[in-house]
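Asks: Now for the letters of each chain:
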Amino acid sequence: MSMQLPLAQLAMLLGAKLTDPSKGEVLVGNVASLDAAKEGDLAFLWDEKFAPDAETSQASAIVCKDAIEGQTCLLVADPQQAMLALLRQVHGMRFPTPRPGVHPQAFVDDTAELGADVSVGPNATVEAGAKLGDGCQVRANAYVGRNVVLGAGSVVHPNATILDHCQVGERSVVWSGAVIGKDGFGFVPVSGDRRDLSQGSIRIPQIGGVKIGSDVEIGSLTTVDRGALENTEIADRVIVDSQVHIAHNCKIEDNTVVVGRVALAGGARIGKNVYLLQASAVGQGRTVADGAIAGSGAQILYKDVAEGEEVLGWPAQPAMAERRLQVILTKLPKAWPELRKRVKQLEKKLAALGKTED
Amino acid sequence: MSMQLPLAQLAMLLGAKLTDPSKGEVLVGNVASLDAAKEGDLAFLWDEKFAPDAETSQASAIVCKDAIEGQTCLLVADPQQAMLALLRQVHGMRFPTPRPGVHPQAFVDDTAELGADVSVGPNATVEAGAKLGDGCQVRANAYVGRNVVLGAGSVVHPNATILDHCQVGERSVVWSGAVIGKDGFGFVPVSGDRRDLSQGSIRIPQIGGVKIGSDVEIGSLTTVDRGALENTEIADRVIVDSQVHIAHNCKIEDNTVVVGRVALAGGARIGKNVYLLQASAVGQGRTVADGAIAGSGAQILYKDVAEGEEVLGWPAQPAMAERRLQVILTKLPKAWPELRKRVKQLEKKLAALGKTED
Amino acid sequence: MSMQLPLAQLAMLLGAKLTDPSKGEVLVGNVASLDAAKEGDLAFLWDEKFAPDAETSQASAIVCKDAIEGQTCLLVADPQQAMLALLRQVHGMRFPTPRPGVHPQAFVDDTAELGADVSVGPNATVEAGAKLGDGCQVRANAYVGRNVVLGAGSVVHPNATILDHCQVGERSVVWSGAVIGKDGFGFVPVSGDRRDLSQGSIRIPQIGGVKIGSDVEIGSLTTVDRGALENTEIADRVIVDSQVHIAHNCKIEDNTVVVGRVALAGGARIGKNVYLLQASAVGQGRTVADGAIAGSGAQILYKDVAEGEEVLGWPAQPAMAERRLQVILTKLPKAWPELRKRVKQLEKKLAALGKTED
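Chains as they are written, first to last, in the working numbering: chain A, 951 to 1308; chain B, 951 to 1308; chain C, 951 to 1308.
FYI, nobody ran anything at the bench for these hints, they're computed from the structure. Heads up, a few of these hints could be off.
The list cannot tell twin chains apart, which means a pair is met if one copy fits it or any two copies do.
Stated by the list, open to error - Calculated cross-link-like contacts (lysine to aspartate or glutamate; reagent style DMTMM-like; alpha-carbon spacing at most 20 Å): (1) LYS967 to GLU1005; (2) LYS1299 to ASP1060; (3) LYS1222 to ASP1143; (4) LYS1222 to GLU1260; (5) LYS1298 to GLU1288; (6) LYS1222 to ASP1146; (7) LYS1281 to ASP1254; (8) LYS1201 to ASP985; (9) LYS999 to GLU1019; (10) LYS1015 to ASP1143.
Keep in mind that this is a model prediction, so the values were computed, not measured.
Starting from the given sequences, assemble the full structure and let the hints guide the process.
Replies: Listed below in structure tokens is the structure:
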């Protein structure tokens, strides 16, 4: 936010009540978090857990629900909505939509079909038969392969790659460095025996595709491999972070959130509304049912995860059991030698007792 | 597969015997797995472990060795070979070889040498002194650096990067987003003392290269770093999945399979016919000998792995020991407090016994 | 090193004393490590730990501090400095600085400002308002976004991506496939309840940037996400390896070394002179203080790390405790059933004793 706005004007923009009308001329020029804000910054108390930070914040004004003593406040009914609205405006200014049109240094094949207001940036490639819906953005240096379908309003960021025949729904975003549609990792040993690689491996041609729904986000440097026969599928409103690996023929259902560095092996099935947290992994063909949570680093290798279940650990087990195990393991360096010692003393005493009795 | 073929014609193509000649006119238009197939699909029983799926499959026909009751079958001597042959045909249609020639929007340096039938896609770069063997494909937006050598028939996919002086053998494939030949991670603290970073680090110039053999596959977003003095080496028929990290001066011998998210630290030595499974890691200078298996997530940090050995765990140990450990750990949350309780009771009883005796 | 140099000339170049002047005409044509060197190679004994390799080395000559019996030596006061000086010369020849100028097949927006001797390679993109300091190199197929600032002498390698508004200091290097400035992973469930994803997630617009200092190295396929409100910050002389994930609003202070596959969750704070070793991870908002060491695979999830502390394990704990735990766990498969058996025997004996007494 490079402009400066007086608080009175900001109050009007946000539909807010300025608690101290004498501050109407004070200028703010930046949005900052409560604890990092300094004079000239605007901050938001959008979650009550940050209330202590609000009291001591150096921000010139705080957008909040109820007045905070000693602070200049802009009162609104829903601070989170107000924050999102303002951030969207600032974001729109900082990251303006590119002008429609194909850049003269882009390559778009003659047989590609472009909807209205599509933009294709410099050094981007759109191959034969690709279909780009209205308002799609293919940014500079991005690659869109043969017969790829992009729904209206989707964005392919610089240096992202969408290989042949893959489909992306509407308003979805593919970030820089992501690779959609690499062949699935399907090989069989020439020998026919899984343990014998001495003659090398034969590639099983992967003829499936990747089908991504609408309002999906695919993070940077994330791979979504094409299916062997059928499609790899990611449903609507799925949010995928960066450096995630989604192997061939996985299915992820609506609304699921996949955090950074997660790995899904071939054919993993992830239900709706699931959280797969940082660096968790799901083994080949495993199922994680609706509403489940895989905690950070959980390795779901040997057992499926039931609806709503929370798992943790390597290998994953119910979160409560894993937490108990962690507590025991933390104590083990002291507790294990101690217990052994106690058993040894018991043995000695009992032996001594035996001798006494003889 | 967008065409429709009658079973009689497919039988001829595959050299198969149609078990129910009355079905010769039935059309199939897609290849699917036994469990996912529906009417109009063709499925293959290429491994006997899927026999139960074959019995209940909804496919219009199944390619198999022996007739299956209640199913329309196309009998062949080797269903896996038949499947591969058909998949290759379908794959060839879906992913046709690009036309030979340099795209007008590519950049190929005048001093690069191109063999017969080489194709270079739009927005691709081939730098000075590069040598591309007959039939090489450098796809759109790929980068091939100075003096890089690509053997005949090799493919560099969109947005892949092969940096200066690296060598790739014949018929090898480098997938989108892979980076071959980044400098090895070689730094020494300015202070000269490994524990003292207070003056920053000096980069050790990395003058080695990367040498990749023939029939190798390098997955998407995989890095193979150049060697410090000598080459980092990957031998023939090595298969590397996506998001793998191969550090400077590693050596991987023939036929080895490296699954997704594996990490090899500097100077790791991997023998022939080895499996490094999902997210396993090999520490600096460690050796994994011929035919060994590193299970999912195994961290080979403190000990080399012997020929044919299977290891698991963090840190890695022989697989049987690790499996026993896992069983014990799963029981520990209940078993550990219970054992402590039993020891305490023994101590009490013994103390009581002592008192009785006094 | 493709040239051949006689040892006498090399001695002059390095300011070294040749121990056997009769060898002045012997040619060397390559630098190699002591153990891999063969006739015609030059090797360096730059760390005394390699002294045994020096004695048996097949190198034509060894650069070292003190003469080695049976070897032709080039004596210098500081072999490491001599090695670095020679490697830099060889490196400069193998990887020459590109000629200044904008390649005709690059796209540089008219409003971008380029300092003296800047080079922009083929198929590279430099967007509006970008400022490139003197001597910057934007290599082929790299992307530099709107209003990006690159300090003098910085290098952006092929297929690297620096998105809008990010700042990089002087002499810093961004390797191929790295992505700087992807939006931070900031989402809130539409439902307002963290456990309820059934209505999908709302993206929180990320309006912060990324600020990278001088003499920094960012490895291949590493992501540095932009901050939510404030910048994600990486200070001077920080060295980051490949496939590292640095989430929004992390701060890394001077000189810290971040090895391959490390993951920093949102808002992690890393002090000065820290080592984060291979695949270690730091949880959301966690602090790792100055001079600390996170060992390979350490997961810093539940506790901050104090100044100079060394941690290990999953979850991380002080390294000594984790090492003791590892020793115990290695023994557990044998020791646990054995201890249980001993307790059982004690119980039996005590019961028998009780009976005897009755």
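Asks: Determine for every hint whether it applies to the structure shown.
Replies: How the hints compare with the structure:
Taking identical chains as interchangeable, the C-alpha atoms of LYS967 and GLU1005 lie at most 20 Å apart only when both belong to the same chain, with a minimum of 19 Å there against 71 Å between chains. For a Cα distance limit of 20 Å, the shortest separation of LYS1299 from ASP1060 qualifies neither inside one copy, at 92 Å, nor across copies, at 90 Å. For the homomeric pair LYS1222 and ASP1143, the shortest alpha-carbon distance between copies (16 Å) is at most 20 Å, but the shortest distance inside one copy (38 Å) is not. For the homomeric pair LYS1222 and GLU1260, the shortest alpha-carbon distance inside one copy (14 Å) is at most 20 Å, but the shortest distance between copies (37 Å) is not.
With identical chains, the CA atoms of LYS1298 and GLU1288 are at most 20 Å apart both within one copy (15 Å) and between copies (17 Å). In the homo-oligomer, the alpha carbons of LYS1222 and ASP1146 lie at most 20 Å apart only across protomers (11 Å), although the nearest pairing inside one protomer, at 39 Å, exceeds that limit. Taking identical chains as interchangeable, the C-alpha atoms of LYS1281 and ASP1254 lie at most 20 Å apart only when they sit on different chains, with a minimum of 19 Å there against 30 Å within one chain. Proximity of LYS1201 to ASP985 under the C-alpha cut-off of 20 Å is restricted to the inter-copy arrangement: shortest distance 15 Å between copies versus 41 Å within a copy.
In this assembly of identical chains, the alpha carbons of LYS999 and GLU1019 lie at most 20 Å apart only when taken from the same copy (17 Å versus 65 Å across copies). In this assembly of identical chains, the alpha carbons of LYS1015 and ASP1143 lie at most 20 Å apart only when taken from different copies (18 Å versus 67 Å within one copy).
Checked against the numbered hints given earlier, this structure breaks only hint 2.
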